[in-house]
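Asker: Below, each chain spelled out in residue letters.
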Amino acid sequence: MAILTFREALNQAIAEEMTRDADVFLMGEEVGLYNGAYKVSKGLLDQFGPKRIWDAPISEAGFAGLGVGAAMAGLRPIIEFMTWNFGIQAFDQIVNHAAKMLYMSGGQFNMPIVFRGPNGAAHMLGAQHSQAYEAMITNIPGLKVVTCSTPYDGKGLLKSAIRDNNPVLFLESEMMYGLKGEVPDEEYLIPLGKGDIKREGSDVTFIAWNKALHKATEAAEELAKEGISVEVLDPRTLQPLDEDLIFESARKTHRVVIIEESWSFGSVGSQISDRIHSECFDDLDAPVVRVTNEFVPMPYNEAQEDRVLPQVDRIIAAAKKVLYIKD
Amino acid sequence: MTTKKKSAVDRDVLIGMYKQMSLFRRFEERVGLAYTKQKFSGFCHLHIGQEGLAVGVQTALRDSDYMISGYRSHTQAIGKGITPDAVMAELFGKVDGCCRGKGGSMHMFSKEHRFLGGHGIVGGQAPLAVGVGFAIRYRNEDDIIVCYMGDAASNQGQVFEVMNMAATWDLPVLFIIENNRYGMGTDITRTTSVDHLWKRALAFDMAHSDVDGMNVLTVHDHVSEIVETMRKNKKPHLLEALTYRYRGHSVSDPGTYRTKEEVEDYQKNRDPILGLARFLIENKFASEEELKAWDTEAKELSKSAEAFADESPQPAVEELWDHVLVP
Chain L
3 MAILTFREAL
13 NQAIAEEMTR
23 DADVFLMGEE
33 VGLYNGAYKV
43 SKGLLDQFGP
53 KRIWDAPISE
63 AGFAGLGVGA
73 AMAGLRPIIE
83 FMTWNFGIQA
93 FDQIVNHAAK
103 MLYMSGGQFN
113 MPIVFRGPNG
123 AAHMLGAQHS
133 QAYEAMITNI
143 PGLKVVTCST
153 PYDGKGLLKS
163 AIRDNNPVLF
173 LESEMMYGLK
183 GEVPDEEYLI
193 PLGKGDIKRE
203 GSDVTFIAWN
213 KALHKATEAA
223 EELAKEGISV
233 EVLDPRTLQP
243 LDEDLIFESA
253 RKTHRVVIIE
263 ESWSFGSVGS
273 QISDRIHSEC
283 FDDLDAPVVR
293 VTNEFVPMPY
303 NEAQEDRVLP
313 QVDRIIAAAK
323 KVLYIKD
Chain B
278 MTTKKKSAVD
288 RDVLIGMYKQ
298 MSLFRRFEER
308 VGLAYTKQKF
318 SGFCHLHIGQ
328 EGLAVGVQTA
338 LRDSDYMISG
348 YRSHTQAIGK
358 GITPDAVMAE
368 LFGKVDGCCR
378 GKGGSMHMFS
388 KEHRFLGGHG
398 IVGGQAPLAV
408 GVGFAIRYRN
418 EDDIIVCYMG
428 DAASNQGQVF
438 EVMNMAATWD
448 LPVLFIIENN
458 RYGMGTDITR
468 TTSVDHLWKR
478 ALAFDMAHSD
488 VDGMNVLTVH
498 DHVSEIVETM
508 RKNKKPHLLE
518 ALTYRYRGHS
528 VSDPGTYRTK
538 EEVEDYQKNR
548 DPILGLARFL
558 IENKFASEEE
568 LKAWDTEAKE
578 LSKSAEAFAD
588 ESPQPAVEEL
598 WDHVLVP
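If you read the sequences in order, they're chains L and B.
The working numbering puts the first sequence at residues 3 to 329.
The working numbering puts the second sequence at residues 278 to 604.
What the hints contain is simulated information worked out from the structure, not anything from laboratory work.
Honestly, I wouldn't trust all of these hints.
Distance ranges between label pairs, derived from CB positions [claimed, not checked]:
#, chain 1, residue 1, chain 2, residue 2, range
1, L, L35, B, R416, 22 to 28 Å
2, L, I60, B, H473, 25 to 31 Å
3, L, E223, B, V603, 38 to 44 Å
4, B, V372, L, D285, 41 to 47 Å
5, B, S581, L, I60, 49 to 55 Å
The list that follows gives simulated cross-link-like pairs (lysine-lysine, DSS-like), each with its CA atoms no further than 27 Å apart [said to hold, decoys possible]:
#, chain 1, residue 1, chain 2, residue 2
6, L, K41, L, K182
7, L, K53, B, K511
8, L, K53, B, K512
9, L, K53, B, K388
Chain B is faced by these chain L residues, among others (derived, beta-carbon under 10 Å) [what the hints assert, rightly or not]:
#, residue
10, W56
11, E62
12, G64
13, G71
14, M74
15, L77
16, N98
17, M103
18, G108
19, G109
20, R165
21, N168
22, P169
23, H256
Given the structure is predicted, the values throughout are model-derived calculations rather than measurements.
Beta carbons: idealized from backbone N, C-alpha and C, even for Gly.
Throw the hints in and build the complete structure from the sequences for me.
Answerer: Below, the structure is given as structure tokens:
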């Protein structure tokens, strides 16, 4: 098993799928000659040539829509957004076109397209480069939304996303591209719609994804020192959610904390919380607690940004709340 | 009706054009009546007055060419091969509609006939068209795609983005701006800096021209030349077609923003059907009786489309769950 960075794992996923299927192409800003703003597409132009690796102008709505049209004509585009904050320039194409094409055409035009890029806060990028979009994009029927927290998951999920015949919005993180992890040498796929237990535990379940998963794991390790056993669950696909796995874990530990680097109002976390309360009410020993961003635009200042995002201390406090432990 | 040079089209084609324009006119009249009889609801934008353009373009294409349009596209869909029955049934939301009643007036689709919608976001179809042009180039085919949009859509940002891409990358997209002079109720001169919309192409160094959209033969000849060139050079072209809609923007539009005299002037002096009728009579291609018989035929076809739509069953309510995502 090789140790790869996140960017290398994603790069492998794209390269393998492009080798497998000549209809797959990559388009985005700086994906070719520059080798990708975050080097995810490093070497792909050399490997596949300019017919399949396209440097786009700074026109997100335009090239996202180009992808939608190409998918209607049977190609399988991968559209890279340098950041999802730029991707919202293309929201019309994603929401009004990609998500609805199959439905409004009465099942005629499916949409095998992936829109991918980093989502959420990185580090001191300021308000316009730090939005997390999962709450908005999971609220739209006709889209799948996938996120990943490890190189292994990233590769396996991205390969499945590229093979999926539906529009898949794939959320990465600037902060994780350098993260290293084990990736098998042989080919593998991770099915969309299936979550993963990242750490087994018995006292409380943490549900977190993407970058927040690592904060949750760190908090779980701290709590283990106090004899508290935390189960850490990564849903991996946010739309559709793996509710079976979530309910199973909630019924096992009877206590759930949801950690998300997103805002509290109408979020993926609030949806998960609602579903757990509706389906597992009798199994719960405490109401679900959520740890989210503070409800302000992301400040640039480092200490302020840290305060807005969920941190280990807030996660530990939330765990103790559902365990009724007073310090 | 006069043409600068003698058209190459023969009598059969001319008569086909007359029949098709008559069908489009009578079909839309019947649609308007059905709407006022409350046989269906929602939005309904009629194409009456603009038949010369629709038919002139349609007859210049071959079956494998693609077409995409905006929300005023009932007749363009028929021109591309969807039956009047299937279009009317779609308007009525019935199961025999071309989208099984999921699309409605603004969303006619046929994968088989390469009619890619039917789109309700003004200008949003332009990126899709460029994506299809991209796919054509990707596969080294020599089809083209016609992308219809209205005059007002030419002010949408996405349209500029993708005209730039089509011109930069040589994608065979024929942008046709149907300039009927009013974006809903707003005269184009009040919203647009240029006096001729073909000038949009100058910004992208794109081939461009304009044509009298009220003259079917002129349109046919001109578009045939454009398409022939495009098949060879794969480059986009922007065609401004000067046309006029007799009815309101939608069926609920009282038309207070223009004079009755203006509308009547077009109807009496520039009507595409009357124009071709005169041409056919003057050149002894058809008699008054024949013209009348073909018009009656068009009325009968429209009437029978309405009867078909009346009799078509409602789709099962449970079908609402279909086509959100493909399995």
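Asker: Indicate, hint by hint, whether the structure satisfies it.
Answerer: Evaluated hints:
1. L:L35 x B:R416: 22 to 28 Å: 24 Å, holds
2. L:I60 x B:H473: 25 to 31 Å: 28 Å, holds
3. L:E223 x B:V603: 38 to 44 Å: 41 Å, holds
4. B:V372 x L:D285: 41 to 47 Å: 44 Å, holds
5. B:S581 x L:I60: 49 to 55 Å: 52 Å, holds
6. L:K41 x L:K182: Given that 27 Å is the threshold and the Cα spacing comes to 15 Å, the pair holds.
7. L:K53 x B:K511: 15 Å, holds
8. L:K53 x B:K512: 17 Å, holds
9. L:K53 x B:K388: Roughly 26 Å separates the two Cα atoms, so the pair holds.
10. W56: W56 (chain L) check passes; min Cβ-Cβ to chain B is 8 Å, inside 10 Å.
11. E62: 8 Å, holds
12. G64: 3 Å, holds
13. G71: 2 Å, holds
14. M74: 6 Å, holds
15. L77: 5 Å, holds
16. N98: This interface hint holds because 5 Å falls under the 10 Å limit.
17. M103: Since chain B brings a Cβ to about 8 Å from M103 (chain L), closer than 10 Å, the hint holds.
18. G108: 3 Å, holds
19. G109: G109 (chain L) check passes; min Cβ-Cβ to chain B is 4 Å, inside 10 Å.
20. R165: Not OK, violated: R165 (chain L) not within 10 Å of chain B, min 12 Å.
21. N168: 5 Å, holds
22. P169: 9 Å, holds
23. H256: 33 Å, violated
Going through the hint list in order, the structure does not satisfy hints 20 and 23.
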